[in-house]
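Enquirer: Protein chains in written order, with my numbering: chain A, 1 to 118; chain B, 1 to 503; chain C, 1 to 487.
Keep in mind that the hints were calculated from the coordinates and are not lab data.
There may be inaccurate statements among the hints.
Coverage of chain B stretches by chain A, computed from C-beta distances (three or more under 8 Å per stretch; other residues unrestricted) [to be verified]:
#, stretch
1, 128-135
2, 253-261
3, 286-292
4, 478-488
Pair by pair, the computed Cβ-Cβ distance ranges are [stated by the list, open to error]:
#, chain 1, residue 1, chain 2, residue 2, range
5, B, Ala17, C, Arg302, 56 to 62 Å
6, B, Gly50, C, Asp194, 20 to 26 Å
7, A, Ala85, B, Arg302, 43 to 49 Å
8, A, Ala85, C, Asp194, 19 to 25 Å
9, B, Asp378, C, Phe41, 38 to 44 Å
10, C, Gly409, A, Glu87, 35 to 41 Å
11, C, Gly146, A, Arg37, 51 to 57 Å
12, C, Ala264, B, Gly139, 56 to 62 Å
13, C, Glu198, B, Ala374, 20 to 26 Å
14, C, Glu22, B, Asp423, 32 to 38 Å
15, A, Glu87, B, Ala257, 33 to 39 Å
16, B, Ala400, C, Arg196, 56 to 62 Å
17, A, Ala85, C, Ala250, 40 to 46 Å
18, A, Glu87, B, Thr20, 43 to 49 Å
Glycine is no exception: its CB is placed at the ideal position from the N, C-alpha and C atoms.
The chain contents come next:
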Amino acid sequence: MAGSDERAAAFGMEEVRAVADLARLALTDAEAATFARDLGRVLEAAQALAALDVEGVDPAYRVGAGAEDPALARGPGAAQARLRADEPGACLDRDAVLAMAPDRDEAFFRVPTVVERT
Amino acid sequence: MSAAERIDAVGLSRALAAGTVRSADLARAAAQRVGTRDGEVHAFLAFDGGRLEALAEGADRTRAAGQARPYEGVPVAVKDNLTTTAFATTCGSRILEDYRPPYDATAVRRLEAAGLLVAGKTNLDEFAMGSSTEHSAYGPTRNPVDPTRVPGGSSGGSAAAVAAGMVAWALGSDTGGSVRQPAAYCGVVGLKPTYGRVSRYGLVAFASSLDQVGTLTRTVPEAGALLGIVAGHDPHDATCAAEPVDDYLGAAQAGLAEGEAAFAGRTLAIPREAFGPGVDPAVAAEVEACARRMERAGARLREVSIPSLSVALSAYYLVATAEASSNLARFDGIRYGLREPGASVLDTHRRSREAGFGEEVKRRILLGTYALSAGYYDAYYVRAQKARTRVRDDLFAALADADALLTPTAPDVAFPLGAHSADPLAMYAVDILTVPASLAGFPALSVPAGRVTGLPVGLQLIGRPFAEALLLRLGAAWEAMAPWPLPDMGLADAATAVEGGSR
Amino acid sequence: MSTQIAPVALLADRFEYVIGLEVHIELSTRTKMFCACPVTFGAPPNTAVCPVCLGLPGALPRPNSEAVRFAIRLGLALGAQIRSRGKFDRKNYFYPDLPKGYQISQYDQPIVEGGHIDVPAAGGGVRRVRVERAHLEEDAGKLLHGEGEARVDLNRAGVPLVEVVSAPDLRSPSEARAYVAELRAIAEALGISDVRMEEGSLRVDANVSIRPAGETAYGQRVEVKNMNSLRSLERALVHEGARQAALVGAGERVRGETRGWDEARGVTYAMRLKEGEDDYRYFPDPDLPPLVLADDAVENERNALPELPAQRRSRYEGLGLRADDSALLAGRLGSARYFDAALAAGGDPRDLATWVLGEGSRIENEGGPSLAAGGLSPAQLVRLLARLREGAIARTAAKGLFESLVRDGGDVDQRIAAEGLAVVTDPGALNDAIERVLAQNAKAVADVQGGKDKAMGALVGGVMRELRGRARAPEVEAAIRARLGLA
Numbered sequence: 001m002a003g004s005d006e007r008a009a010a011f012g013m014e015e016v017r018a019v020a021d022l023a024r025l026a027l028t029d030a031e032a033a034t035f036a037r038d039l040g041r042v043l044e045a046a047q048a049l050a051a052l053d054v055e056g057v058d059p060a061y062r063v064g065a066g067a068e069d070p071a072l073a074r075g076p077g078a079a080q081a082r083l084r085a086d087e088p089g090a091c092l093d094r095d096a097v098l099a100m101a102p103d104r105d106e107a108f109f110r111v112p113t114v115v116e117r118t
Numbered sequence: 001m002s003a004a005e006r007i008d009a010v011g012l013s014r015a016l017a018a019g020t021v022r023s024a025d026l027a028r029a030a031a032q033r034v035g036t037r038d039g040e041v042h043a044f045l046a047f048d049g050g051r052l053e054a055l056a057e058g059a060d061r062t063r064a065a066g067q068a069r070p071y072e073g074v075p076v077a078v079k080d081n082l083t084t085t086a087f088a089t090t091c092g093s094r095i096l097e098d099y100r101p102p103y104d105a106t107a108v109r110r111l112e113a114a115g116l117l118v119a120g121k122t123n124l125d126e127f128a129m130g131s132s133t134e135h136s137a138y139g140p141t142r143n144p145v146d147p148t149r150v151p152g153g154s155s156g157g158s159a160a161a162v163a164a165g166m167v168a169w170a171l172g173s174d175t176g177g178s179v180r181q182p183a184a185y186c187g188v189v190g191l192k193p194t195y196g197r198v199s200r201y202g203l204v205a206f207a208s209s210l211d212q213v214g215t216l217t218r219t220v221p222e223a224g225a226l227l228g229i230v231a232g233h234d235p236h237d238a239t240c241a242a243e244p245v246d247d248y249l250g251a252a253q254a255g256l257a258e259g260e261a262a263f264a265g266r267t268l269a270i271p272r273e274a275f276g277p278g279v280d281p282a283v284a285a286e287v288e289a290c291a292r293r294m295e296r297a298g299a300r301l302r303e304v305s306i307p308s309l310s311v312a313l314s315a316y317y318l319v320a321t322a323e324a325s326s327n328l329a330r331f332d333g334i335r336y337g338l339r340e341p342g343a344s345v346l347d348t349h350r351r352s353r354e355a356g357f358g359e360e361v362k363r364r365i366l367l368g369t370y371a372l373s374a375g376y377y378d379a380y381y382v383r384a385q386k387a388r389t390r391v392r393d394d395l396f397a398a399l400a401d402a403d404a405l406l407t408p409t410a411p412d413v414a415f416p417l418g419a420h421s422a423d424p425l426a427m428y429a430v431d432i433l434t435v436p437a438s439l440a441g442f443p444a445l446s447v448p449a450g451r452v453t454g455l456p457v458g459l460q461l462i463g464r465p466f467a468e469a470l471l472l473r474l475g476a477a478w479e480a481m482a483p484w485p486l487p488d489m490g491l492a493d494a495a496t497a498v499e500g501g502s503r
Numbered sequence: 001m002s003t004q005i006a007p008v009a010l011l012a013d014r015f016e017y018v019i020g021l022e023v024h025i026e027l028s029t030r031t032k033m034f035c036a037c038p039v040t041f042g043a044p045p046n047t048a049v050c051p052v053c054l055g056l057p058g059a060l061p062r063p064n065s066e067a068v069r070f071a072i073r074l075g076l077a078l079g080a081q082i083r084s085r086g087k088f089d090r091k092n093y094f095y096p097d098l099p100k101g102y103q104i105s106q107y108d109q110p111i112v113e114g115g116h117i118d119v120p121a122a123g124g125g126v127r128r129v130r131v132e133r134a135h136l137e138e139d140a141g142k143l144l145h146g147e148g149e150a151r152v153d154l155n156r157a158g159v160p161l162v163e164v165v166s167a168p169d170l171r172s173p174s175e176a177r178a179y180v181a182e183l184r185a186i187a188e189a190l191g192i193s194d195v196r197m198e199e200g201s202l203r204v205d206a207n208v209s210i211r212p213a214g215e216t217a218y219g220q221r222v223e224v225k226n227m228n229s230l231r232s233l234e235r236a237l238v239h240e241g242a243r244q245a246a247l248v249g250a251g252e253r254v255r256g257e258t259r260g261w262d263e264a265r266g267v268t269y270a271m272r273l274k275e276g277e278d279d280y281r282y283f284p285d286p287d288l289p290p291l292v293l294a295d296d297a298v299e300n301e302r303n304a305l306p307e308l309p310a311q312r313r314s315r316y317e318g319l320g321l322r323a324d325d326s327a328l329l330a331g332r333l334g335s336a337r338y339f340d341a342a343l344a345a346g347g348d349p350r351d352l353a354t355w356v357l358g359e360g361s362r363i364e365n366e367g368g369p370s371l372a373a374g375g376l377s378p379a380q381l382v383r384l385l386a387r388l389r390e391g392a393i394a395r396t397a398a399k400g401l402f403e404s405l406v407r408d409g410g411d412v413d414q415r416i417a418a419e420g421l422a423v424v425t426d427p428g429a430l431n432d433a434i435e436r437v438l439a440q441n442a443k444a445v446a447d448v449q450g451g452k453d454k455a456m457g458a459l460v461g462g463v464m465r466e467l468r469g470r471a472r473a474p475e476v477e478a479a480i481r482a483r484l485g486l487a
């Protein structure tokens with residue numbers, strides 16, 4: 001379908017590179033081209049969502065007992081706040097933790113220079 | 001069907017208890033089958049026969065000392081996105097090659113607390129993203145029924161391990177169908193519990209509001225037994241439900257004993273959209289035939305329409321990838337995993353992720369990042385979540401006066417390796433029948449329905465939240481009505497000992 | 001300095017400040033916001049960590065109930081609305097001190113909304129500073145910069161924070177300082193934080209802009225960070241306002257940017273920002289159920305609210321103290337508690353206030369201990385002031401004794417006896433001393449007798465020195481006058 005490929009190509013290289021920057025992915029040119037095409041096609045298929053009637057519908061950010069339905073929230077096994085008591089628990093042994101690190105010294109993780117953030 | 005074929009883990013545990021089979025036998029049989037078949041199938045990323053045998057011998061000693069736990073000494077396989085301290089946990093990715101977690105997933109701890117022995121870690125699509133297990137960084141898994149074909153995904157390794165008779169049961173994970181679809185492709189039983197039924201602590205997150213630990217087993221009662229071991233509240237997981245854990249094994253065994261009688265007076269809702277365009281007509285016909293058999297057994301079939309099903313796939317891919325893009329941000333090469341050094345932190349992040357992630361993972365991270373990004377959040381992510389509410393509402397409505405929904409599990413049978421490599425969207429379409437239950441958080445069971453062109457077809461039963469017992473009962477009743485061949489586990493000697501013990 | 005004065009004057013005449021503050025308060029809970037690791041200060045690096053706060057694969061957050069209670073308490077103290085059903089959101093960005101690659105925070109449904117803090121307005125009167133919101137979030141770890149590399153300590157990652165965001169209602173650096181001081185005092189009184197800016201348990205970011213006096217539209221705002229004390233906050237805001245005024249005065253535009261405060265050089269500097277850093281892609285955290293408060297959660301906190309600084313100030317003013325003294329005393333929990341204990345021991349409010357704020361502050365400013373931490377108990381201070389009022393000791397001796405006791409501890413009466421501090425009551429000794437002084441100061445005597453009262457001071461001083469301070473000046477003066485036959 002040449003027509004839809006053209007529209008899909010509207011998800012251009014610049015957009016893909018901008019998204020890749022946000023996601024900390026360093027794409028090759030070939031990858032950027034492939035992904036631009038793929039994302040364009042997925043998003044085009046997702047246009048059907050735009051046509052769906054969602055008037056007055058709340059987004060289901062999560063599902064499960066108590067998640068969105070207040071009635072369920074009061075039932076047995078209700079999720080409610082699921083808050084944890086302020087009691088200290090076991091920590092990991094530092095050597096075990098740092099042993100997983102690609103670059104470390106005796107007590108810290110090490111990273112190359114950091115640009116100051118806001 | 002011979003007794004050798006009918007052995008299941010429940011029967012095995014009885015035989016173990018009676019002392020007629022030893023755990024060491026099971027371990028040796030598993031190692032032998034892995035040795036003979038896994039070179040081709042590649043179900044396992046890590047299998048330690050020596051360790052398994054040593055553990056099995058320990059289990060036998062424990063049993064001899066009268067201290068055996070319920071499933072002492074039964075080997076189990078675990079998908080490699082569940083953390084284990086005894087094995088590396090790679091998630092099928094280079095970015096976690098050789099990563100050894102310092103803690104075990106709750107589901108794994110519960111297996112071990114019940115006496116089960118983790119035989120090894122199974123292959124998966126990288127970070128559970130895929131429907132064929134071709135996206136593993138460590139090579140694909142092949143379908144034991146036909147090794148030129150995929151086993152499905154992303155829990156392809158676990159499904160194949162069971163289908164090849166290497167283990168009786170395995171844990172997988174299901175986000176959009178990753179337990180059910182491989183079960184259907186491989187001819188085994190796959191169960192995705194209600195969202196929140198099983199703890200996700202230690203399940204490396206793909207899409208947090210969709211992921212669930214699931215079971216791959218040869219029979220329905222085994223699914224019930226395994227679910228009963230891992231289900232239940234876990235304070236480590238704030239999304240894990242406190243609902244009481246039913247006697248899932250008992251419900252399945254009741255169904256098995258009832259057979260046809262279990263369908264008398266039941267209502268099964270048949271969504272029109274699950275049998276129409278987009279589904280292979282031969283697959284649809286096979287599952288329809290199963291439905292008719294259930295009708296003959298006394299079930300009432302009600303055709304329903306669930307229009308929101310047409311957008312469920314798009315909604316799923318936006319929601320799941322959005323959550324995934326955030327969940328995978330922790331893989332930055334700083335504290336663990338692969339690091340590709342760079343001149344700056346930014347450079348290190350980009351290089352490590354570029355080198356460590358495969359193409360499908362990158363694709364989904366990009367899609368998800370875009371769906372959440374400024375200016376697009378409302379149009380894509382929020383809208384997808386609203387569509388999700390519609391799907392959930394529609395499924396609730398369809399189940400208002402039905403015991404379960406019945407659909408094919410997958411729109412096709414196992415496809416050849418490489419068939420969809422040119423077109424990722426064609427691969428996504430494989431999930432159309434499984435994502436609705438995932439979006440809604442409802443439990444769903446896939447059981448073998450028959451064969452098309454010699455390849456397994458699965459039928460899916462979807463229930464209301466926390467209705468696993470009913471699904472297992474109906475699924476086991478189906479198993480009694482239309483038993484499927486069980487993979488040979490190489491336990492011929494033990495067979496006679498357990499004859500009749502599985503019922 | 002002269003370059004600084006001119007722009008400030010420019011500011012006062014032509015422009016007004018518009019300041020909004022974001023204050024991060026580190027909560028003094030026992031454990032972190034989403035895991036059970038202990039909240040410690042000064043622990044060896046990377047020892048208070050677990051899979052959750054390390055962001056290991058498969059780990060999941062579990063919210064701290066005490067942190068929620070602390071946030072409710074703060075909201076009530078600010079007169080705000082407490083949201084009974086809210087949520088946590090993910091703020092997504094990459095940084096080495098952020099293990100998960102996102103921070104769990106609250107975006108559009110913060111637990112606290114509204115409220116206010118009143119501060120003295122720069123031109124007199126009261127400035128009501130509206131609080132827009134306060135929300136719960138987790139802290140990041142610490143990055144220690146080195147040569148061409150940096151090191152990461154994740155002990156602090158996951159520590160609970162409440163971020164309080166004010167409306168841009170502040171109109172001067174002094175008001176901003178007062179706002180933070182009050183917020184700090186409130187948090188301290190509530191027992192929810194150590195609120196030590198120098199340790200980082202209270203952090204302030206400011207949004208500063210200027211506009212022509214009388215203008216209602218907002219100017220371009222600049223974010224200022226890295227102010228580590230109240231004093232540097234005020235200095236930074238003064239400098240930044242002046243910098244902006246100078247720019248605008250010269251016809252240039254202020255750039256919207258983030259600037260850091262350099263305490264040593266006394267300037268703000270532009271901080272390097274990367275492109276596209278701002279898109280945090282907030283979305284509700286799917287690992288956490290909605291934050292639903294139990295029906296009685298808010299009432300329980302309301303019933304348990306301690307006396308707040310504003311209430312304490314009113315109470316002290318009711319005791320007859322001046323407004324500014326009340327504010328100073330009430331402003332720090334330690335001094336307020338000390339003062340209250342001294343009142344309970346029978347002390348006179350104004351006397352106590354004078355000594356606590358006078359000598360007490362002086363000693364502390366010179367590096368000595370605060371009264372709360374020092375060796376002079378409230379009851380002993382009351383005793384000391386009683387001895388002074390009775391005339392048992394003189395003021396100079398009392399001051400010396402006060403300082404000595406604060407620094408080293410001890411008992412008032414024992415020390416008076418041991419060091420012979422008691423006022424000389426023997427008339428003979430007094431008269432002897434007077435005789436000696438008069439004999440040595442003939443000119444002064446002549447001056448006094450000649451009507452020059454000013455010379456009396458020298459005579460009185462001389463007698464005081466003779467008696468080593470163990471006398472009271474008014475009595476000495478009266479005795480000298482009597483001796484000289486004066487009225």
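Enquirer: Work down the list of hints and note, for each, if the structure agrees.
Expert: Hints, one by one, checked against the model:
1. 128-135: violated (count 0)
2. 253-261: violated (count 0)
3. 286-292: With 0 residues closer than 8 Å to chain A, the stretch 286-292 of chain B misses the three-residue bar; violated.
4. 478-488: With 0 residues in contact (Cβ-Cβ under 8 Å with chain A), the coverage given for the stretch 478-488 of chain B is violated.
5. B/Ala17 / C/Arg302: 56 to 62 Å: holds, 59 Å
6. B/Gly50 / C/Asp194: 20 to 26 Å: violated, 54 Å
7. A/Ala85 / B/Arg302: 43 to 49 Å: Since the Cβ atoms of A/Ala85 and B/Arg302 sit about 48 Å apart, the hinted range of 43 to 49 Å holds.
8. A/Ala85 / C/Asp194: 19 to 25 Å: holds, 22 Å
9. B/Asp378 / C/Phe41: 38 to 44 Å: holds, 42 Å
10. C/Gly409 / A/Glu87: 35 to 41 Å: holds, 38 Å
11. C/Gly146 / A/Arg37: 51 to 57 Å: Distance hint for C/Gly146, A/Arg37 is violated at roughly 44 Å.
12. C/Ala264 / B/Gly139: 56 to 62 Å: holds, 59 Å
13. C/Glu198 / B/Ala374: 20 to 26 Å: violated, 37 Å
14. C/Glu22 / B/Asp423: 32 to 38 Å: violated, 49 Å
15. A/Glu87 / B/Ala257: 33 to 39 Å: With a Cβ separation near 47 Å, A/Glu87 and B/Ala257 fall outside 33 to 39 Å, so the hint is violated.
16. B/Ala400 / C/Arg196: 56 to 62 Å: At 59 Å between Cβs, range holds.
17. A/Ala85 / C/Ala250: 40 to 46 Å: violated, 59 Å
18. A/Glu87 / B/Thr20: 43 to 49 Å: Holds - the Cβ-Cβ distance for A/Glu87 and B/Thr20, about 48 Å, lies within 43 to 49 Å.
The structure is inconsistent with the numbered hints 1, 2, 3, 4, 6, 11, 13, 14, 15 and 17, although it conforms to all the rest.
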